[in-house]
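Chemist: Spelled out, the chains give:
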Amino acid sequence: MKRLINLTPSRGGRWLLGLLPFLLLAMLYMSLSNARLAENPNDRLLPTPSNMASTFYHLATAENVRTGEVVLWTDTFASLERIVIGVGISALIGLVVGIVNGGIPIIRAKFSPLVTVASLIPPMAILPILFIAFGTGEAAKIALIVIGVTPFLIRDLQGHALRLPDEQLIKAQTLGASSWQVMLRVLLPQLTPRLLNATRLALGTAWLFLIAAEAIAAQEGLGYRIFLVRRYLSMDVILPYVAWITLLAFLLDQLLAWVSRLAFPWYHAGEGDKS
Amino acid sequence: MSLLAAKRLEKHYGNHVVLENLNFSVEPGEFVTLVGASGCGKTTFLKMLLGTEAVSKGSLTLDNQPIPNEPGPDRGVVFQKYSVFPHLTVLGNVMMADELHSSKLLGKSFGAAKRRAVEKACARIDEVGLDHALNKYPHELSGGMQQRLAIAQALMMRPRILLLDEPFGALDPGIRQDMHVLINRLWQEQQLTIFMITHDLKEAFELGTRLWVFDKTRHDPQAPEAFGATITYDLPISRDRPSTDLEEALQQGGLKTHTQETLL
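Heads up: the protein sequence lines correspond to chains A and B, in order.
Letter by letter, the first sequence follows residues 1 to 275 of this note's numbering.
Letter by letter, the second sequence follows residues 1 to 264 of this note's numbering.
Simulated from the structure, these hints should not be mistaken for laboratory data.
Please note: incorrect hints may appear among the correct ones.
Sample of chain A residues at the chain B side, in silico, Cβ under 8 Å [claimed, not checked]:
(1) I170
(2) K171
(3) A217
(4) A269
Quick reminder that beta carbons are idealized off the backbone N, C-alpha and C, glycines included.
Take the sequences, apply the hints, and build the full model.
Modeler: Spelled out as structure tokens, the structure:
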């Protein structure tokens, strides 16, 4: 008998093993839902899958009589727009500040403490300030994501820039590189894949801030819808919406991973297929 | 006129004296090999040549000018590790010097300038025998191939001095032999001036025209940091004399230094 740490499942087995917890959870939900519905057919807390599917189908296809909009898609596009713009701005700021901070000691000495302090401010605590400053429109929501995510990205990239071997910076200088060229040809290309990686990690936080901001003040959006229907205990809307958000988050994450692997094969060289 | 000269050169960190009383002059075309026990300041010396460590006392001049206090294209370098850029292919790594030179703003050349850079780089890559791996990334290369690449890259700027910090230390003996042939050929063809740190005395004898032994001449057991290392032996090595003769000569001369004990 091999040691436990040496037992690796086969490819198919890995899929089955990965699927197993999901199946168990689904079965648990079904039995609980059935039990509740047997007692009270009008129970709203644990709706049947068919009930949720029909509601979700309705949300995804039926046009609003007044505006002609389909609820699900309006919500999805509004939320995606906010998160993509917010995370995009954060990534851009993070990359630029991370490179400059990591590459130029004089600037790092000035800004590094500021970034550290800024990253410790709980963004939710300053949400009221954002609403006061930017109004309750799109700007405040995007600003919340940017404020929440950027310091993390800056700190991660700056740290990574400092961990690059000195040999590389020296080598670049012996090849005649100026400070600008070192940042452009050594730091930028080596930090970009790191940025994609850090952004993947930051996406979870970004969703949190997005939904929080939408819950408080919005006219459409995934988070807004969930908090709106909460008043009617509409679990048949909330649960599919949560699943939908999870799917979107998963797709965004995989998209970034795919871009990173495609564009920076050298960065992923050390990774085996230990999934 | 000597290319590189030092007069009463010293290096200390606070009270810790690392190097002291270094006097030498090196002519263009010399191949100096540096040996000595670990931690005796060889690498510190190389870093002073490179410009990343400042001179504490005395003078170190390149072409009669004080050596610049930061790395520059006149001094090429190959380290034991991390010498090539992991994000660039073999071709990209070697082209880099040219691109940095011709495009100050972007550090990347296009069109005709790029074609010229590619041509030049390809010639260099051929010289070190990596022409079959033009579009591979460093992580796809073996250790020996990575060092070949690092050498080709360092030579693109035609540096006045090439600094090698144990460049073959991590390689297998067979591959090391190939690298000796390569570096010897490049040194002769391009009339380079080379400083090479090595832990292998045999390598030092085989490659160099001049051997420097770094060691401490004075020891104070109460204050081991009070005295630094210096060049205790500065031996010219003639190419026609086999290295075994030199080792014997060393022994006959009674040079039983700490260095020798650790190296031989």
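Chemist: Do the numbers back the hint for K171 of chain A, that is, is its least Cβ distance to chain B under 8 Å?
Modeler: This interface hint holds because 6 Å falls under the 8 Å limit.
Chemist: Answer holds if the nearest beta-carbon of chain B is closer than 8 Å to that of A269 of chain A; otherwise answer violated.
Modeler: Cβ of A269 of chain A sits 4 Å from chain B, so the hint holds.
Chemist: Quick check on A217 of chain A please, does its C-beta sit within 8 Å of some C-beta on chain B?
Modeler: This hint is violated: A217 of chain A lies away from chain B, its Cβ roughly 44 Å from the closest one there, beyond 8 Å.
Chemist: Holds or violated: I170 of chain A as interface residue toward chain B, Cβ cutoff 8 Å?
Modeler: 5 Å, holds
Hint 3 from the earlier list is the only one contradicted by this structure; the remaining hints agree with it.
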